[in-house]
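*Asks:* These protein sequence lines map, in sequence, to chains X, C, Y and G. Number 45 in numbering that gives the first Met the number 0 belongs to position 46 of the first sequence; there are no gaps in the numbering. Number 219 in numbering that gives the first Met the number 0 belongs to position 220 of the second sequence; there are no gaps in the numbering. Number 61 in numbering that gives the first Met the number 0 belongs to position 62 of the third sequence; there are no gaps in the numbering. Number 386 in numbering that gives the first Met the number 0 belongs to position 387 of the fourth sequence; there are no gaps in the numbering.
It should be emphasised that the hints constitute simulated quantities derived from the structure, not laboratory data. A couple of the hints might just be wrong.
What the hints assert, rightly or not - In silico EDC-like pairs for lysine to aspartate or glutamate, Cα to Cα no more than 20 Å straight-line: (1) X/344 - Y/212; (2) C/25 - C/42; (3) Y/110 - X/258; (4) X/344 - X/429; (5) X/257 - X/186; (6) Y/210 - X/286; (7) G/593 - G/619; (8) Y/210 - X/347; (9) X/26 - X/88; (10) X/344 - X/427; (11) C/23 - C/42; (12) Y/81 - Y/202.
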Amino acid sequence: MFAALIILPLVGAAVTWLIPFDRLRPKVLSLFALAHLGITIQMLSFTPPESPGGWFHLDALGKIVLLSTSVLFLFCAVYSIGYLYYRRERSNRVMCVGLLVCLAAASMVTITHHLGLMWVALETTTISMTPLIYFNRNARSIEATWKYLLICSVGVALALIGLYFLAYATIVAQVEPSLLLDDLIRDAGKLSSGWVHAAFVFLLVGFGTKMGLAPLHTWKPDAYGESPGLVGAMLAGGLVNLAFLSLLRVYQLCLATKEIAFFQNALVTMGLISMLFAAIFMARQADFKRMLAYSSVEHVGIMAVALGLGGKAVFGALFHVLANGLTKGVLFLSSGNIHRSYNSKNTDHVRGALRRLPWSGGLFLAGFFAITGSPPFAPFISEFTIVSSAFIQGRVVVGALFLISLGIIFIGMALTVLPMVMGEAPTDSETTSYKDTFWTVAPPFCLLLLVFLLGIWIPAPLMTILRDGAALLEVHP
Amino acid sequence: MTNSIIHIFLALVMPPLLLGVIGKTKAAFAGRVGAPFLQPYYDIFRLLHKGTVFSTTTTWIFRAGPLVALATAAVAALLIPFGAHPAPISFQGDMILYAYLFALGRFFTMAAALDTGSSFEGMGSAREATYSCLAEPTLFFALITLSRLSGSYSLSPMLVNISFGVWLDSGAALLMLVGGMFIVLLAENCRIPFDDPNTHLELTMVHEVMVLDHSGPALAIIHYAAALKLFVLGAFFVHLALPYATGNPYLDWVLFIISMLELAVVVGIVESVMARLRLIRIPQLLVAATILAAFSTLLVIR
Amino acid sequence: MITLADQLLVLVLLINFVALGTSRLIFSIRAVAIQGVILGILPGLIHPFSWHLVGIISMILVTKGLVIPMLLNRAVRTAEIKREVEPYLGYVPTLLLGAVFTALSFGFAGKLPMLPEHQNYMFVPASMATLMTGFLILTTRRKAISQVLGYLVLENGIFIFGLLLAEAMPIMVEAGALLDLLVGTFVMGIVINHISREFSSLDTSRLTSLKEE
Amino acid sequence: MFSVLQGVCDPALVALVAALVIGCSGIPGLFLRMPGLGQLCATVTTILAALAGLPAALMLLFSSATSTYILSWGLPFGLCELTIDPLSAFFLIPVFLVAAAGSLFALGYWPAAEHPSTERGLTFFYGILASSMAILVTARNGVFFLMVWEIMALSAYFLLATEHEHEDVRRAGIVYLIATHTGSAALYVLFSLLASQSGSYLLPAAGSLSALPPAAMVIATAAFFGFGAKAGIMPFHIWLPSAHANAPSHVSAMMSGVMLKMGLYGIFRTLTFFHDPPLIWGAVLTVAGISSALLGIAFAVAQRDMKRLLACSSIENIGIITTGLGVAMLGISSQNAPLAYLGMAGALLHILNHSFFKPLLFLGSGVIIHATGTRNMNLMGGVAKGMPKVAFLFLIGSIAICGIPPLNGFVSEFLLYFGLFSQLQTSSLVYLVLLAPLLALVGGLAVVAFTKLYSSVFLGTSRSHGAVHPHEAGLTMLLPMALFALLCLLVGVMPQWALRLVAPAIASFMPLVSDIDQTNYVLILNRISMMTLILCAVAIAAALFWRWRLGYARVTKTSTWGCGYQRSSSRMQYGASSFSEMAVSVFNGIIRQKITRPALKGLFPEATTCDDKPSETLLERFVLPLCTVAGVSFTFLRRLQHGQMHVYMIYIFATLFVLMLWAH
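Pulled out of the complex, with its shape left as it was, chain X reads as follows (with noise of 0.2 Å):
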């Protein structure tokens, strides 16, 4: 079962990779990842054993992390086939490839608990997308490959050092040495706090260059800026998310070595960080998918506050994940299709989407409106309860920077998002052939369907998943 979720992407890379034909393999992608999803939801609904020495275990955080990455990747596979159509003039192979090798990764990240195990996977993840970034082969595209090549490897490596310590503190701690967060766990106690705080900073620092935290987060408005749209939305639904996972990883560890105090602050402030950052590079961007970069950095720094107040908050941030991943998907592919459509990223350039092309611009719309935390959509589900109990708890300084760079936020994204949308497209805007299909929109809408249906009614099984993430990652005095 564990290895079916990983086998079936490394073979559909493999297969798409021997496929000649540019317009058959993004159909035999979206296949792919349609049977990912069901073996998905297949392991969702029937958890399957531990495996035998406890390296692969998919625990309920593992599931939120793996169904939001999976559907995602469904609706972007889905995606490419409307929109490699409109990249004919280069072959997409390495596209396809990339992004199967980077599900394979991902659904490794998820099912492990094997911190180095999980390392590799995240590595992989980071050099799989690699060449994806470089799809336009421009200048300004290789210089982003080059930033995010660099950056997420010497962050990731850092990481590695952080797991080195760990297990370096376990065999301190004459406690038989391993990896596996089980073990470490179960011995958490008996380990030096030397090298355990050194540990956690290591990894917050690796992990947090990953998810883009602030000030590590320099990486991302260039990559997602140059990367094409559904690359875009891999990078700020799923990968983030796995960054996010390896993060409540070493919480969980955290949380049994009674040293959590320290980690929550730091994440409480990188968090509040980072939703400033983005607070104030999003007003006056002019650059609609560099926004949209700031905005994932503003996601994570949610996640990351949420995690650190802890109790109620933690479901919030675990109800994030999904809900950041999806809206993202919805913004990314539609900003997508209205570069597309106006051969521009420069919101001087791109006015009145919503009479030139309906459909994209009215999801473009509805996805501002969701990702900044306005019902009837998930995130503000999410928002909300972290907000409240961030004052319920009595965090009142933290809740009103929260509030406030959410707020600095909504008018910056609005002042940048609603003249696209709204009012006639300017005369001199070059007209292109892009028209709105199926194909390119009805990925985004089925998305934006999810995040509504989210924000007003969470089913019952997705419920006790949340629920027992939540448990696994509740403060036990």
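Using the hints provided, position chains C, Y and G relative to the given structure of chain X.
*Replies:* Same frame as chain X, now just chains C, Y and G:
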């Protein structure tokens, strides 16, 4: 009952007489013989028999103006007590109605003026609007003071209550009130120094210019309504300034008539010794009146 | 045996300073390669014989000693650049900083509790110092190649620490880490080629068009 | 009717179902191919639903029963209660009324045939707005309340942005959106703190909280900020004028007539939670209210855009209502039942009245703008000849909104005045009476503003060059206006019944006043209705007398007398701006009217123009500059993202170091 009948009778008959008295006083100051006291009655009577000219620009609002003005003044006359006698109709809070009735009349007068589309009448109504909304607070300060002094929320008791005893208790407040209310009286009725009822330069008029286009019976109604308004506000003022009262009801009626005539004389004197103010100064004078009234209120409620 | 390992670590530290101090790219690539080879030998000295060990050693030697240097050399040859000219920070200050960081890492290692058998050896300080050296190279050099080298040195530093816990890390993970390193460097090499094609130079100071203005 | 309903089922259920039906009314239109059909069926369903909902609401109000439904939802915020108590029922009345009238009006005003691109969205979001407001007043779960609240705000935004090809519409939309979003941030705080006080997201029961803990003060502040921003209480009114001016008129009617009241409902509801409100709350509300009333009407006087004038007068009316509420709160805090009763009665009745005459005026303005093609009153005039019926209905609205007898506006203000005067004999709150002259000033200015509006639009002759021949509005547009006018008249002539209407809501609000006898007040209102009848009688008598005289004498029709000047043209009329110029000059300190006067040179100066524009003092002089400053300072900080990777590396390692130092 008889009192009510006398009340209504006076309200119907007496108002034009005040205008006559004022005219006579001014004539006396000017050293002329002047028109007879009953001249206003003659004018109204003649106007009632004249034909009417309607501007083609006007609508029914133009016709409604005079009627509403008359009706509001008449109803106000029912609420205000004459002399020591309570008004025919009196209930708690009627002073607020009393104050707002004039607003209704004003609304229609101004609308009727603007209905003609004449720039002069527009000017007139613009001025009327500004002055009256500045005069509004003064009246309310007066009502507050009186209500506080009398401990009642109705015009009749609070006005009848004023007596020399009250003057002795809180003379300063009443004095300021008298000053403020006199200014309001002149302003509301468009007398000198606010407006010159019988100048011949439309540019400087307020009330008279608003009724330029009315003619015949309409003009008669307007004149009568204006007189009635002067009478009603005058009655209010007389209560403050000349609170005579003897126990005897018939004597009180006589006293009331006399004091109204005195008021008319005073107005006449003011009109003959003063000149019209510049339009810019008028708001300042009105604000001054408000301040006077406000002081009197503060004196009594502190 | 383990004392010998300690001597080799000193050599590693010296190589760090070489990498910091030299301006000729070919030379520094070789230096890093040699560092890698030394690191490849080290496990054999400190751990008892096992196939696991053999596997790792052979892989390391191949990767760090042969494949990666070849990749980088190819990149250098295609880009036709000889030396790192005017780095962001001069060589002498960089060397001094390197010395400072090395000292700091010794202090840092002193604070942390060690196993008695590792007590008086310099694995931890060496790894820290190498890490810092990599960081210094990354932050002070302009050429993309040098930055890759910095990344490699950083990895080496991490690897030195990894020597302490060969039994904690199952071979699969080690292999995975090495594979990632290899592929990562490989991709970096490709990207470098593209950079040199796009900008006809490897000067990353030209890669600053993506920014907020 | 009532008994029948009773027989059918629970009125609360009827009201809720009606609300949902209104919400879905726009959906068929989205799929129907034929233009207009969707709109028609939306209107029909809305009217039917309102016809079912209104009696239900009235029944709930009079039976003063409270019925609760539990909505089962999948969100982790506890039970989702829907409760209709008299207060909710009272607020339901304007929702159903205005929703139905507006959607009927839309048939003639925004026909699908003329606006094929926008009609669908407009109809859809109109339904959403109406039903969200109806559900809002029944929501008892804080989070659910917040969700419905945001849906209301967003649907209002989409309605407002219907004509987004115009620049100023877009601008108004953005300002509105930002204002409402900032307001709801305060509501996040409010409901979180309420949850921390009461332990669950369910809104606390009336009088269940104490105002003593410091959190209570924060709650009150948050409520004042969040709900006040929606209600348009100064200084949170910045979004209001442009939003109401740029929306389609029936939407403006909905926003001004009902949506502002939702903000007030929030304040009312929040205040019910506390059993011991301190005096300061009432004081703050009173001061905010009276200042909004004064400034609002002062700005209204200065406007030349018809709908902006109406919008500013909305600020005034909201101010009056808030003053009443504040007075009532003072009464509660000082255990002064009559004051509390009168203030609350005035406030609630004025809410009802304002939702009668303001929609009437907005709908009328829609008709006029439709006919004349401009919103600038300086270009209008003489419309009354073209559309006498509209002119008559609009006149009723104008008189009513001035608070002049014999119409409904006077009644509510009378109650408030009486409450203020009733404090004269008490010792504690005697200075409260000083509000009366201020209210009088507000009334006087209102007369100026609406004389200006009415005269410059309907009377005289058209001032614009383009010969405009306005024609009478269609039946679908006249009927709603007639309905509102009738209601204004009814409340004005029979105020005692209106008092009966608000009494249960007051009782549910304050147990304190439930025991005071209202007979005295009913008596007074009886007298007032008598007086109004006398007034009408006298006027009619005078009219008959006049007709009788006219019968005898000659009636001639000629042009207006130009005081000797023969060539008077319609452009020589006193325009709207010139009418108000003098009054504005008195208040120029706050209004800051920008007048550009032409410089006339020589004996025969050539043609020139004089232009006046009232400025939005707070928005243009404070808020926008602040935003600019923030933007500039941000651009400095954005240098951090300079694209040089080696510095990015330094960021990473610096973070590492800092955290290391922090950890050890």
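*Asks:* Going straight from one Cα to the other, do residue 257 of chain X and residue 186 of chain X come out at no more than 20 Å?
*Replies:* 12 Å, holds
*Asks:* Holds or violated: are the alpha carbons of residue 210 of chain Y and residue 347 of chain X at most 20 Å from each other?
*Replies:* 18 Å, holds
*Asks:* Does the structure keep residue 110 of chain Y and residue 258 of chain X at a Cα separation of 20 Å or less?
*Replies:* 18 Å, holds
*Asks:* Would the hint linking residue 593 of chain G and residue 619 of chain G be met if the CA-CA limit is 20 Å?
*Replies:* 13 Å, holds
*Asks:* Sort out whether residue 427 of chain X lies within 20 Å of residue 344 of chain X, counting only the CA atoms.
*Replies:* 15 Å, holds
*Asks:* Quickly compare the C-alpha distance for residue 344 of chain X and residue 212 of chain Y to 20 Å and report which way the hint goes.
*Replies:* It holds: about 15 Å lies between the C-alpha atoms, which stays within 20 Å.
*Asks:* Against the 20 Å threshold, does the CA-CA distance of residue 26 of chain X and residue 88 of chain X hold or violate the hint?
*Replies:* 18 Å, holds
*Asks:* Assess, step by step, whether the Cα of residue 23 of chain C is no farther than 20 Å from the Cα of residue 42 of chain C, and give holds or violated.
*Replies:* 15 Å, holds
*Asks:* Below or equal to 20 Å on CA atoms is what counts here, so check residue 344 of chain X against residue 429 of chain X.
*Replies:* 13 Å, holds
*Asks:* Between residue 81 of chain Y and residue 202 of chain Y, does the CA-CA distance stay at or below 20 Å?
*Replies:* The hint holds at about 12 Å.
*Asks:* Verify the proposed pairing of residue 210 of chain Y with residue 286 of chain X, using a straight-line Cα cut of 20 Å.
*Replies:* Between residue 210 of chain Y and residue 286 of chain X the Cα gap is close to 11 Å, so the pair holds against 20 Å.
*Asks:* Hint check: residue 25 of chain C vs residue 42 of chain C, CA-CA at most 20 Å. Holds or violated?
*Replies:* Satisfied, since the Cα-Cα distance of roughly 18 Å is no more than 20 Å.
Of the numbered hints listed earlier, not one is contradicted by the structure.
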